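Guided by the hints, dock chain B onto chain A, whose structure is given.
The listed protein sequences correspond, in order, to chains A and B.
The opening residue of the first sequence carries number 1 in full-length UniProt numbering; numbering runs sequentially from there.
The opening residue of the second sequence carries number 1 in full-length UniProt numbering; numbering runs sequentially from there.
All clues given are correct.
Coverage of chain A stretches by chain B, computed from C-beta distances (three or more under 8 Å per stretch; other residues unrestricted):
hint : stretch
1    : 179-193
2    : 229-237
What follows is a set of in silico ranges between Cβ atoms, one per label pair, in the way DEER data are often shown:
hint : chain 1 : residue 1 : chain 2 : residue 2 : range
3    : B       : R222      : A       : G121      : 55 to 61 Å
4    : A       : K104      : B       : R141      : 36 to 42 Å
5    : B       : P46       : A       : D494      : 30 to 36 Å
6    : A       : P432      : B       : P46       : 42 to 48 Å
Hints were generated in silico from the structure; no laboratory data involved.
The structure presented is a predicted model; accordingly, all values stated were derived computationally and were not measured.
Heads up, the beta-carbon is just placed ideally off N, CA and C, and yes, glycines get one too.
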Amino acid sequence: MNFLYDVFVEPLASGGYLFRAMFAGSLVAIASSMIGCFIVLRRMAFLGDAISHSMLAGVVGGYLLMKLIAGEEAHFGAMIIGALLAGFVTVLLIGFVSRASRIKDDTAIGIMYTGIFAFGGAMASVFSSEIHVDLMHMVMGDVLVVDAERLWMMGAVTAIILFVVILFYRQLQLTSFDPIMAASVGVSAPLIGYLLTACTSLVVVSAVSIVGIIQVVGLLITPAAAAYLLCNRLSSMLVLSAALGVSSVVLGVYTSAWLNIGAGSSIVMAGTLQFMAILILAPHNGLLAGTLRRWSQVPQHIVEDVLGCLRRDETHATRFETIRAHVQATPAVLRRVLRRMVAMSLLNQTPHGFILTESGNHEARRLMRAHRIWETYLQRVGMPEDSLHDRAHLLEHLNDEATVDYLDDRLGHPTRDPHGQEIPEDFIDLIPGAEVKASLLRDRHRGVVTAIIGSHLHDQVALGDVIVAGPREMDDTIWTFRLPSGEELHLDHDSADQLTVRLADPNSERQVD
Amino acid sequence: MIARPTRSGVPAVQVDHLTVSYGPTPALLDISFQIEAGQLVGVIGPNGSGKSTLIKAILGFLKPDLGEVRLFGAPTDKARRRVAYVPQRGAVDWDFPVTVEQVVMMGRYGQIPFWAWGPSREDRQHVDDALVTVRMEKFRRRQIGQLSGGQQQRVFMARALAQGADILLLDEPFAGVDAATERALLEVLDSTKQAGRTLIVVHHDLATAAEYFDSLLLIKQRLFAFGSPQQVLQPELLSEVYEGSLKAFEHLRDVSTGGDK
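In isolation and in its complexed conformation, chain B is listed as follows:
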């Protein structure tokens, strides 16, 4: 994979005073942070805490009430090609008549001119590279419903890579996959990060969050913490955000002491 040059000093994602609302109460309130390029960042928070709203705002799908999102210094509508989105597995119609290869090729659709009959040789090359990166080249002609959960997730990862985006947004990629698959997926995320891309991952499992990510964003409407896992995974902080279900976090002390060794 080719490392991507990034203009030094400009953060990959910069969010300033972002406030988004659907009704009378804001879904996101005054959120500000910046993520440097080449980081693997986890977004954690309870259900309905605004994690997907944040992702949508970074994708530029939402008009914020206040504040803005800048990607490499440019507003979202000018930087569309620089972000790619990997949907939740449950949001995909797995019976759709489409093969692995064709799904990955969809990542190129933004670059194929409207009048072109089909993808160019260069587009095919990008698709091949992306399939190799996620080690799915052997399954390219399979219909997507005939894959295991982890393979399905990797196909969409490949699509995001084929888009040539610098920032990848993943919505719960680890939901409902087994431990071995989780490992394999993590390796793909890591090598993507090594290639200089920035990954923002919505994540559910607090127990693994410390191990997987460079830094964590803890949100529930507001930004509660942003920093290294050790800084964010404080039991006091978590119990405040997850409303006192402290028992669930007791083992985190073990995890963080174990991580220090």
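Isolated chain A (complex conformation):
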């Protein structure tokens, strides 16, 4: 208990300044991480950086103006208004440069904000005798020395931001997502853009006193980016982003008290750690979830090798040992693959071994077709006979339908592979009722002609004719069809491709021999 007291309560009790820091920091974090959501979604992260740097010039300008005109030292309001104006001027200048020249946005931002920051620094040096604020303090920020005046300002800023986000929620969402659509329903994207810029300036001005100019972007966008990884809705992203902003402030202030480091750094660090944790652990898109998913997936090529092994095995049920002898995989992986294949109902497990189910058989036949077509292809491109099988065994894993059908077509729809084994017909496409090119038909397939491309076939076949395919002739290069008249039609590959037929149901009409 003592330990817990020391860690959590003691820092707060000592004068209450830590508590005040957390409160002030949380106010700022809510405002900045909500605006940060829109900055992240509109890809304007650099803008936060630009505004935070250029506001130095505005602060110095406001300070000098009040000092020289009214003789007032460090007039708070003037410095804030100066900062806002400087932010706005920077944004306008960036827009001007990228519109008026071929310079793109990111470069324009880099030019303008460093320039205005440098101008502010130069002014501060020239008038160094007049200025009695610690610029270093502004550049680095310190949440631990927040005074009442600043606290009020932060409260006001947070209230304004909440008000704007709630009131203009639909407009902000629409212009961020689809500016063209926004314009077509009368929401002015530029106007909302200005509103967002003003809000960003406001937020940055108050955030600078917490974490300083250099790290302000971290407070602005890191919680929003972390929320972006988790959320599918803008509304939940806004809420989560605000919560993550607050938690990074609380965590950061504690850490700064424990380790005695600058609060600005520890707050931004806490935010970054939160982000990294979410990046790794996010349930759907996280790195860990992705790795686990890949781990639990069974390698497709092993599944296919198992299918091939079971198809070739002529015994009724295949034992695990037999599969292991034919498939290259560690026993553990193989067991997992088999379990998964049973779950996918590709296999049935019986006491005597594994049996292919109907869909497993279908899949195995599809693979066999791919293998034999690849072998034919390899022979056609001149691969030596003895390496055909091994290479085709590797290539059969490229078996998506488009690939196999393309090869099949290029090869002229061969019926036998180089070893003389039958290549199954294109049974994926050849289902009764489907419209296919006549070149896909094999011996005894029947179909109704539904389309004839080109003219030279018109005097031989007519639409609606029922034709029956006969055996292929001339080394598989000539297709034969029996016409309703009883005549035989002999076509080459190209001509057969010009006929489209609707396949008849083989069970009702195919003759049994």
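Just chain B, lined up with the frame of chain A:
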């Protein structure tokens, strides 16, 4: 879907002597045509021919140098609610945290008063109807990035329907979708047309243009032809517009003779 009454005699879109320029050469020059309500019209032409400029002009985003666009007889800025725009798929940020339902609801934003806390029951009803029309009601809670290409296109179609617009402008809806999706999308376009809406579709594929559209607008800076696909898809005309890449159009003779049967 409820059929929309249209005042007879007033064309849905009337473009008169429209000339728009971005620089010294006009992007569109002296374009005049009118489209009757309930038509499905394809806009074809080579890249950079001013197709999107024409769409933007009909949406009222551009100030023409000369001429005007009238929608049901009213100038574009008075008829904003009567047109809806379906963006190209590539122009959308698919990672944006927004669900199908919310995107479609955006179509109602123009009608939701500024001070209202959220959409009304009537707005929700419009969204439901639109989702059913494009058959996406099952996916309403999905984030839009988790959809297939055709589904994504249908979501934006639903948004345009929810807007309650009479004229729909679609920018290359068939780009990058597979044949089955193209079919499904075409059915949605057709039923939208049946409900009396006017659709103007920027299209790339000349081979399918004849089959999909009631009439075609062939533009390249100027209006080269406007009429039925048979009138517009003349190889001589196309080779002039597409600068002599005639070979690409040889099959069109087949298409047009095939279409006559």
